[in-house]
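Engineer: Chains as they are written, first to last, in the working numbering: chain H, 10 to 301; chain B, 542 to 1122; chain U, 78 to 461.
Note that these hints are calculated values from the structure, not bench results. For each residue, glycine too, the CB sits at the ideal point set by N, CA and C. Hints are supplied without guarantee of correctness; some may be wrong.
[Said to hold, decoys possible] Not close to chain H: a few residues of chain U, all C-beta gaps over 12 Å, as computed: (1) Arg150; (2) Pro269; (3) Arg316.
[What the hints assert, rightly or not] Simulated pairs of lysine to aspartate or glutamate, DMTMM-like, Cα-Cα distance not exceeding 25 Å: (4) H:Lys14 with B:Glu1071; (5) H:Lys201 with B:Glu1073; (6) H:Lys230 with B:Asp643; (7) U:Lys130 with H:Glu265; (8) H:Lys12 with B:Glu1053; (9) U:Lys231 with B:Glu553; (10) B:Lys1015 with H:Glu99; (11) U:Lys233 with B:Glu553; (12) H:Lys47 with U:Glu277; (13) H:Lys222 with B:Glu1053; (14) H:Lys14 with B:Glu580; (15) B:Lys1015 with B:Glu1073; (16) U:Lys386 with U:Asp313; (17) H:Lys12 with B:Glu553; (18) U:Lys130 with H:Glu99.
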Amino acid sequence: MNKIKVPITENLGHGHLACAGCGAAISMRLTLKALGEKTIMVFPASCWSIVPGFWPYSSYRITAVHAGFVTGAATASGVRAALDVRGDDETLVAVWAGDGGTFDIGLQALSGAAERNENLLYICNDNEGYMNTGTQRSSATPLLAWTTTTPVMQPKENPKKDIMAIMADHHIPYAATATIAYPEDLIRKLEKAKGIRGTRFIHLFSPCPPGWKMASEQSVKISRLAVRSRIFPLYEIENGRDYTIQEEQRVVPVREYLKLQGRFSHLTEKDIEITQANVDDTWERLLRRARC
Amino acid sequence: MSKQITFKSVSEMPMISVSLGDMDWNKTGTWRTQRPFYEDKTPPCSAACPAGNDIVAFIQKIAQEDFEGAWNIIKEENPFPGVCGRVCFHPCESKCNRGSFDEPVAIHALERFVADFAFRLNKKTGKAREKRKEKVAIIGSGPAGMSCAYHLARLHYDVTVFESFSLAGGMLRMGIPSYRLPKNILDRELSDIEALGVDIRTGVSLGEDLRLEDLKDYQAVFISTGAHRSRGLHIPGEKEKGVLSGLDLLKKINLSKRVKLGDKIAVIGGGNTAMDVARSVIRLGKKATILYRRSREEMPAFEDEIVEALEEGVKIRYLVNPIRVGQKDGLKRLECLRMELSEKDESGRRRPVPIPNSNLFIDADHVVIAAGEEIEASFLPEGLEKKEGIVLTQRDGSAGIKGVFAGGDLTSNQRTIAHAIGSGKKGAMAIDAFLKGKDAEGAIIQNLIGEGPSLSIWGYLHPDERTRNPQIVKFEELNMDYFEPAKRQQESKSAVKERIKGFKEVSSTLSEGVALDEAERCFSCGTCNECENCYVFCPDGSILKREELFSHQVDYDYCKGCGICFTECPRGAISLKEEAK
Amino acid sequence: MKRVITGNQAVAYGVILSRVDVVSAYPITPQTTIVEELSELIASGRLKTRFLKVESEHSAMAALIGASTGGVRCFTATSSHGLAYMHEMLHWASGARLPIVMVNVNRAIGPPWNIWSDQSDSLSQRDTGWIQLYCENNQEVLDTILQAYLIAEKVKLPVMVVLDAFVLSHTSEPVEVPSMEEVDSFLPPFCPDYPIDTQEPRAYSVITMPEHFMEFRYKIQKAMEEVPDVSKKVDDEFRSRFGRGYGAIERYGKEEAEVLLMTSGTVTSTSRTVIRKLNEDGLSVAGLKIKRFRPFPSEEIYGAIKGAKKLAVIDRNLSAGVGGIFAQELRASLYPREERPQVFGFVSGLGGRDITPELIGQAIQYTVEHPQPEEEILWLGLKR
């Protein structure tokens, strides 16, 4: 095997409050390694308003600006504008928002910033639900999943919103999906994004052990199965037009991914077939978009 | 390390909730319910290596392009990497976990690569600086005797090896044709042992020239005289002229290469001696036919040997059993019965039974019987215990007389080079323990690899160094996510046309690049090779890098015990246990 | 230099002269000509300001929160629904102690849709921790913006400068526009207390436990308590440089009057005329202009009402269930005092209905004639 190489700097300090096995903590640690210290990161409400610790402490070793739930892209636009006025075009302005803060409540601000092609890197840390508030459904929650607002008697009726397609259709210079099981891919994409001006969007998939009712030691494994099962394919879109798909050679049925998570334990054979069909359909859509 | 910050009054507080310190004071290790820890476990290859090679360790050195380091690791356990890399039947590979994924790692080829690399650089193990006063005599200079001599010399004993033949090496020299094991390879590894100060006295036969009583100056004796007597077939005509013993013929060919033989040779037997004889005969320009009473599946010869023999034009007739050696028109005429296979016997192979009235006749200039070897017991000293055709040794390696130990083919029916090397090592450890008044059996048990019988002397020599958990790593304990299928790299073989012209070595040593590729294939089962997955994936930044041998350690101050390092370790080198309350 | 400009143009001039670094706004009637004017100025290169043309008022304020945290001077303008939509971010701006200045052009909040002047929008933000300054004319609008930055940056609280829809926003008046140099010497560049420095990274607006939260709120209150003194100094300084000053309140009319009329915004201008006339007619009545609503100028008012027996308040706003908000605040501020004049709370001019001299006259007459109000809310000009 090839040794996975990641930058040595640690910009997420010790003692943070992420749950054991938190996929997003891995995401954050790797992301901050890739982005480096010359970064201002805006945090609309999410687990990451809490995880770094309570005042007067913070385990971030970069400049962190906590912000209102709705405002990730807008606050970052303002920070960027301030830096521009001050003549600082070196410092990276990034947003770290959850799926709620991106797919749902923050979508308008994000769309606005993307349309203006604000010079910022927007990272959506997607754990497929409102995990910070105790696992309620978001529009990023997958089809048929359990959450506290989609109980097993009536699991989520709608498939996950295609945020990447939405972002691509803003014709931003760069959008990419990434996940912790592929750290070098994740870091490559972040570094690539860092080198581009304009709005860059990273859709980062981060398993949540308590929210997904999965074992804490399986965050990376599940993240990998998400890619292999094509429920979360890895790809990049440049200028809303040019697609590059990082295809996993070892494709597995979505069942392999579902079976490790309690949020899918109520699924019947029929449900699994429906999910597989949805995954296949979404994959086909992606291929069609990529071909056009 | 940061401390907690307290405020006595509102005036000490800043205007806004801007951070003033880090969270390092928050020891999240207290959350932990399970504790990960680095623990080397036993790879199946080493456990399967009768010579006790630390296979993972030397392959990892190759992967790091430290070929000399690899050589040093092999030489800790085994003085014959050049020999073993060529002619060992490599049971390590059949246990290699990679075999469950794609194909086993070509361990033997890597061992050979390392040996030949060291040879090119003229690497020597070096002479032991001071000698202990005790002297040890070793009788027989085959792989068992020389392995014992090697390890004892490294333990600073004054070692003398007595060899009845004029050259050292025993079966390695006499029993193995040089197209498989070139003599210069054997010579250099023997001379490397000699260079440690081992005195080899050739032309001294036990029984005739030397008796146990003559060895009073020696505080211990290791007998490893091997098994050199060919087993007969017990059929009429086998003692007649024109009927040869396989081992005798091989010895002649290996030593002179000039043997008078007729054109057509029938070889009886299905083991490696039969193959060696047939392939040697082919190289002398003759025709060779092997007669074997079972089918190919039951053949004890190594698969490679069979394949190469067939490539070179050896004919094999299966399911035929000679019942009489006769004579016709100046040729030997073998009368055989056709056989068929019935149910399995105690060896697990299907038993051949004759088909009545199926007699057939095979004519040949010479008939060679290669149906196995047995020990020559006549010259052995009195008092050695014998049972079922071998000399019986105790678990501490002793052979029934105080200070007398035995090993190699003499003491075992598993007559392979690797077993011989391992038993020599065991003898050396037993003798050292005996001479130092220590518990030999205990020392041996303590240094078994996995559940044994493979034995490591490294652990014996370095009792305080890290030890492996004897648990053998199963394929299921590895994480295949980190490995891509990769073709097994093999030594290239010369063309058949070239091969049969003479006794030049058939296969060639791996090139450096190919060896590196092959070393990369090793899963390094149960052994941390600093791949850093644990470090990369830790959500809590709780894997610390360390300069020492183990490059990483868990920072228990902050480790929350999620177990991701355990899951994502590709090789099962991290364990989890419940946290003590 | 004197120019004839609308209130919204006066706002734009205030922004230019304050050397605002970042503007972020979303158009809404009657604020639109402000953003149009600023866009023109920036497009023509006369104004070196980044203008973030965001997709909502919420984002406009959020962007300024980002920019102000980034250490630059910020401005936005809005009105009515836009202000209401910003509500969450107003709290954020003051909680983060960011000296943002915002203009709110007073407009009614629907439904029914109504674009005309009404203070309910700004007054419903009274608890967001913003300083609120109400303007009477276009000159005051410009001058107040200049003063607002100085006050905001001294006490680290955001300031809302309020003007009436159309009556000021779209009405031209002669305005003395000071020179850039004059303003520069009055208003130094903004120096944030906690500037962003990636070399010394820190986290802003970190979540705070009950253990410390209250102390941060206490500090906001303490900052508010500094405002009367700070803004007086700023106003005095302004007056010494530019010859104009406003105070937190202004009393006009007869000096020893038993009846006082309290107004804010452009109603004050009308009231001045009415009261001058009544004084000439011999009526002992005076006017009280309230410029600063937050922090509420209790001390200043109490000092100005000595001897008055009755206070008439005209509120162009309604807190349904209570009444006019100025009257309510006034009653609350008088309660602990020894001398507590009767407060007559008039509600009038909602949704931009004109508050005519006649209506003002009626209010004063009612106050004079009644020992105490007959109703909690005195609806002025209501079609009963």
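Engineer: Between the alpha carbons of Lys14 (chain H) and Glu580 (chain B), is the straight-line distance 25 Å or under?
Structural biologist: It holds: about 23 Å lies between the C-alpha atoms, which stays within 25 Å.
Engineer: CA of Lys130 (chain U) to CA of Glu99 (chain H), is that 25 Å or under?
Structural biologist: holds (23 Å)
Engineer: Tell me if the straight-line CA distance from Lys1015 (chain B) to Glu99 (chain H) falls inside 25 Å.
Structural biologist: violated (51 Å)
Engineer: Do the alpha carbons of Lys233 (chain U) and Glu553 (chain B) lie within 25 Å of each other, as the hint requires?
Structural biologist: holds (18 Å)
Engineer: Between Lys230 (chain H) and Asp643 (chain B), is the straight-line Cα distance small enough, at 25 Å or below?
Structural biologist: The given pair, whose Cα atoms are some 21 Å apart, holds under the 25 Å limit.
Engineer: Would the pair Lys12 (chain H) and Glu1053 (chain B) pass a check requiring their Cα atoms to be no farther apart than 25 Å?
Structural biologist: holds (20 Å)
Engineer: Given the proposed pairing of Lys222 (chain H) with Glu1053 (chain B), does the C-alpha separation stay at or below 25 Å?
Structural biologist: Outside the cut-off at roughly 49 Å; violated.
Engineer: Was Pro269 (chain U) rightly flagged as not at the interface, with every chain H Cβ beyond 12 Å?
Structural biologist: violated (10 Å)
Engineer: May I ask you to check that Arg316 (chain U) keeps its beta-carbon over 12 Å from the closest beta-carbon of chain H?
Structural biologist: Per Cβ check, Arg316 (chain U) is outside 12 Å of chain H; nearest 31 Å; holds.
Engineer: Just double-check Arg150 (chain U) for me: nearest Cβ-Cβ distance to chain H has to come out over 12 Å.
Structural biologist: violated (9 Å)
Engineer: Assess, step by step, whether the Cα of Lys231 (chain U) is no farther than 25 Å from the Cα of Glu553 (chain B), and give holds or violated.
Structural biologist: holds (20 Å)
Engineer: Can you confirm whether the C-alpha distance between Lys12 (chain H) and Glu553 (chain B) stays at or below 25 Å?
Structural biologist: At roughly 49 Å apart (the allowed maximum being 25 Å), Glu553 (chain B) and Lys12 (chain H) break the hint.
Against the hints set out earlier in the document, violations occur for numbers 1, 2, 7, 10, 13, 16 and 17.
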